[in-house]
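Residue numbers (the numbering used here): 1 to 297.
Hints in this document: simulated from the structure, not taken from any laboratory.
There's no promise every hint is true.
Said to hold, decoys possible - Label pairs and their computed distance ranges (CB to CB):
#1 Ser261 with Lys122: 24 to 32 Å
#2 Glu208 with Asp128: 42 to 50 Å
#3 Val40 with Asp264: 33 to 41 Å
#4 Cys31 with His135: 30 to 38 Å
#5 His135 with Tyr91: 12 to 20 Å
#6 Ser178 with Ser19: 51 to 59 Å
#7 Ile16 with Gly279: 30 to 38 Å
#8 Asp128 with Arg179: 49 to 57 Å
#9 Ser80 with His135: 28 to 36 Å
#10 Gln247 with Lys122: 37 to 45 Å
#11 Pro222 with Asn277: 33 to 41 Å
#12 Asp233 with Arg275: 40 to 48 Å
#13 Glu18 with Asp128: 40 to 48 Å
#14 Asp128 with Ile16: 44 to 52 Å
Unchecked claim - Within a straight-line C-alpha distance of at most 30 Å, the following computed BS3-like cross-link-like pairs (lysine-lysine) qualify:
#15 Lys120 with Lys157
#16 Lys79 with Lys48
#17 Lys48 with Lys36
#18 Lys79 with Lys157
#19 Lys33 with Lys43
#20 Lys86 with Lys48
#21 Lys244 with Lys206
#22 Lys203 with Lys151
#23 Lys120 with Lys151
#24 Lys79 with Lys33
#25 Lys33 with Lys14
#26 Lys280 with Lys244
#27 Lys36 with Lys14
#28 Lys86 with Lys120
#29 Lys157 with Lys203
#30 Lys33 with Lys120
#31 Lys206 with Lys151
#32 Lys79 with Lys36
#33 Lys151 with Lys122
#34 Lys33 with Lys48
#35 Lys48 with Lys14
#36 Lys79 with Lys122
#37 Lys43 with Lys14
#38 Lys157 with Lys48
The structure displayed is predicted, hence computed values, not measured ones.
Backbone N, C-alpha and C fix where the C-beta goes; we use that ideal spot for every residue, glycine too.
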Amino acid sequence: MPIPILHFPYVVQKTIFESMNYCEVFVLSLCSKRMKSCVVQAKPRVPKIWHCVFEKVLNTSNQVCFLIQVWKLGGTLAKSLYEHVKSLYRYTEPCGLEVHINTFTEEVPIYENVDKILLKGKLLQLNDLDTFLSHYPNLSTLMIQPTVFGKLSDSSKILEISNIQLSNAGHFGARLLSRFTGRNIACRSLDITEAEINLLIRKWMKSEAYHDLETIQFSVTPDYELDTDLIIDQLETEEFDPTKRAQWYQIDYKLYNIPTSPFDFSGDNCFDVIRENDGKRASFLSFTNFFMFLVWN
Numbered sequence: 001m002p003i004p005i006l007h008f009p010y011v012v013q014k015t016i017f018e019s020m021n022y023c024e025v026f027v028l029s030l031c032s033k034r035m036k037s038c039v040v041q042a043k044p045r046v047p048k049i050w051h052c053v054f055e056k057v058l059n060t061s062n063q064v065c066f067l068i069q070v071w072k073l074g075g076t077l078a079k080s081l082y083e084h085v086k087s088l089y090r091y092t093e094p095c096g097l098e099v100h101i102n103t104f105t106e107e108v109p110i111y112e113n114v115d116k117i118l119l120k121g122k123l124l125q126l127n128d129l130d131t132f133l134s135h136y137p138n139l140s141t142l143m144i145q146p147t148v149f150g151k152l153s154d155s156s157k158i159l160e161i162s163n164i165q166l167s168n169a170g171h172f173g174a175r176l177l178s179r180f181t182g183r184n185i186a187c188r189s190l191d192i193t194e195a196e197i198n199l200l201i202r203k204w205m206k207s208e209a210y211h212d213l214e215t216i217q218f219s220v221t222p223d224y225e226l227d228t229d230l231i232i233d234q235l236e237t238e239e240f241d242p243t244k245r246a247q248w249y250q251i252d253y254k255l256y257n258i259p260t261s262p263f264d265f266s267g268d269n270c271f272d273v274i275r276e277n278d279g280k281r282a283s284f285l286s287f288t289n290f291f292m293f294l295v296w297n
């Protein structure tokens with residue numbers, strides 16, 4: 001039997017809307033202008049929203065609870081969907097944005113209150129990335145799946161971001177790592193040498209760089225093996241001491257809630273270093289294909 005929602009008092013309407021899932025509320029808002037007005041007035045709370053802009057479809061989704069998918073017919077539709085969703089829900093935290101780089105040249109809305117972005121695609125020019133990032137000055141976390149090409153400069157917008165993940169880091173990842181000023185950076189297939197790793201450790205120890213650093217982690221290209229002896233060459237290191245720090249550390253992936261096992265910072269592949277000016281301790285793990293640097297809080 002149909003329920004005459006519009007005939008009920010506002011308090012009853014709000015209770016009904018709160019009992020619905022997010023997709024049901026969205027569909028209900030499309031029934032009529034009066035129904036949309038009732039939904040907007042109730043303004044149901046939602047957890048983190050992810051807006052997804054791909055080549056053929058445009059989605060607005062909550063990663064756990066719901067997905068709204070619309071065939072992408074142009075910038076006008078994208079903007080209309082965004083404005084409609086924004087009017088319906090009361091966000092409890094900043095939004096996330098997932099974008100295919102082929103849509104950079106199209107007319108898409110500038111999404112508000114975004115703190116995390118995931119970029120998809122194959123090849124990305126740094127100039128295009130800078131233009132895109134200029135629309136999101138408050139970004140805290142960025143994950144880039146494409147390979148990035150271009151010359152990194154002091155004005156590059158990516159240097160302003162605290163948490164970065166590169167899926168195809170290559171040479172660009174090594175250049176970014178050498179100038180990184182944020183907190184956490186993770187790279188796959190990084191093209192880097194032991195001398196460069198040794199230098200970044202030295203810079204941290206002498207407070208010449210990486211002042212806000214929390215973690216660095218990367219895997220190298222499949223055809224390369226790291227030599228730990230070259231990495232620790234002439235570095236003053238210490239062995240694990242349980243009286244000075246913990247043995248295990250749980251990584252907090254900033255972009256997605258990815259479950260991980262704690263890392264064991266002890267054993268023959270673990271080394272401690274001390275920052276000269278304040279005595280702060282860091283540890284690094286060095287294997288043939290993986291390296292991780294952790295500053296203890």
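Hint by hint, here is what the structure shows:
1. As the Cβ distance of Ser261 to Lys122 is approximately 31 Å, the hint placing it in 24 to 32 Å holds.
2. In this structure, Glu208 and Asp128 break the distance hint of 42 to 50 Å, their C-beta atoms being roughly 32 Å apart.
3. Checked against the hint of 33 to 41 Å, the pair Val40 and Asp264 fails, with Cβ atoms roughly 52 Å apart.
4. At about 33 Å, the beta-carbon gap between Cys31 and His135 stays in the expected band of 30 to 38 Å.
5. Between His135 and Tyr91 the Cβ separation comes to about 19 Å, which falls inside the hinted range of 12 to 20 Å.
6. For Ser178 paired with Ser19, a C-beta distance near 54 Å keeps the hint of 51 to 59 Å intact.
7. At about 60 Å, the beta-carbon gap between Ile16 and Gly279 misses the expected band of 30 to 38 Å.
8. At roughly 20 Å, the beta-carbon separation of Asp128 and Arg179 lies outside the given 49 to 57 Å, and the hint is violated.
9. Here the CB-CB span from Ser80 to His135 is close to 19 Å, at odds with the stated 28 to 36 Å.
10. Here the CB-CB span from Gln247 to Lys122 is close to 41 Å, well matched to the stated 37 to 45 Å.
11. Separation of Pro222 from Asn277 is about 38 Å and conforms to the stated range, judged on CB atoms against 33 to 41 Å.
12. Restraint check, Asp233 to Arg275: a C-beta distance of roughly 19 Å breaks the suggested window 40 to 48 Å.
13. About 42 Å separates the C-beta atoms of Glu18 and Asp128, a value consistent with the hinted range of 40 to 48 Å.
14. Separation of Asp128 from Ile16 is about 46 Å and conforms to the stated range, judged on CB atoms against 44 to 52 Å.
15. Proximity of Lys120 to Lys157 is assessed by CA-CA distance (about 18 Å); at most 30 Å being required, the pair is judged to hold.
16. About 19 Å separates the Cα atoms of Lys79 and Lys48, which keeps this hinted pair within 30 Å; it holds.
17. With a CA separation close to 22 Å, the supplied pair Lys48 and Lys36 stays within the 30 Å bound.
18. With a CA separation close to 25 Å, the supplied pair Lys79 and Lys157 stays within the 30 Å bound.
19. Restraint check for Lys33 and Lys43: the C-alpha separation of about 15 Å stays at or below 30 Å, so the hint holds.
20. Restraint check: the Cα-Cα separation between Lys86 and Lys48 comes to about 12 Å, which is no more than 30 Å; the hinted pair holds.
21. Distance hint between Lys244 and Lys206 is fulfilled; the C-alpha atoms sit about 21 Å from each other, no more than 30 Å.
22. The straight-line distance between the Cα atoms of Lys203 and Lys151 is roughly 22 Å, inside the 30 Å bound, and the hint therefore holds.
23. Only pairs whose Cα atoms come within 30 Å are accepted, and Lys120 paired with Lys151 is accepted, the gap being roughly 20 Å.
24. Distance restraint check for Lys79 and Lys33: the Cα-Cα separation of roughly 18 Å lies within the 30 Å cut-off, and the hinted pair is therefore satisfied.
25. For the proposed pair Lys33 and Lys14, the alpha carbon gap of about 17 Å is at most 30 Å, so the pair holds.
26. The suggested pairing of Lys280 with Lys244 holds, with an alpha-carbon distance near 11 Å, which does not exceed 30 Å.
27. A threshold of 30 Å between alpha carbons decides the hint, and for Lys36 with Lys14 the separation of about 12 Å falls inside it, so the pair holds.
28. For a cut-off of 30 Å, the pair hint linking Lys86 to Lys120 stands: about 24 Å separates their Cα positions.
29. In summary, the hint linking Lys157 to Lys203 is supported, as the alpha carbons are separated by about 23 Å, within the 30 Å threshold.
30. Restraint check for Lys33 and Lys120: not satisfied, since their Cα atoms lie roughly 36 Å apart, outside the 30 Å limit.
31. For the hint pairing Lys206 with Lys151, the CA-to-CA distance comes to about 27 Å; that is within 30 Å, so the pair holds.
32. Distance restraint check for Lys79 and Lys36: the Cα-Cα separation of roughly 18 Å lies within the 30 Å cut-off, and the hinted pair is therefore satisfied.
33. A C-alpha spacing of about 18 Å is found between Lys151 and Lys122, which places the hinted pair at or below 30 Å, so the restraint holds.
34. Restraint check for Lys33 and Lys48: the C-alpha separation of about 26 Å stays at or below 30 Å, so the hint holds.
35. The straight-line distance between the Cα atoms of Lys48 and Lys14 is roughly 21 Å, inside the 30 Å bound, and the hint therefore holds.
36. The suggested pairing of Lys79 with Lys122 holds, with an alpha-carbon distance near 25 Å, which does not exceed 30 Å.
37. Simply put, Lys43 and Lys14 have alpha-carbon atoms about 8 Å apart, close enough for the 30 Å limit, and the pair holds.
38. This hinted pair checks out: Lys157 and Lys48 have alpha carbons roughly 25 Å apart, not beyond 30 Å.
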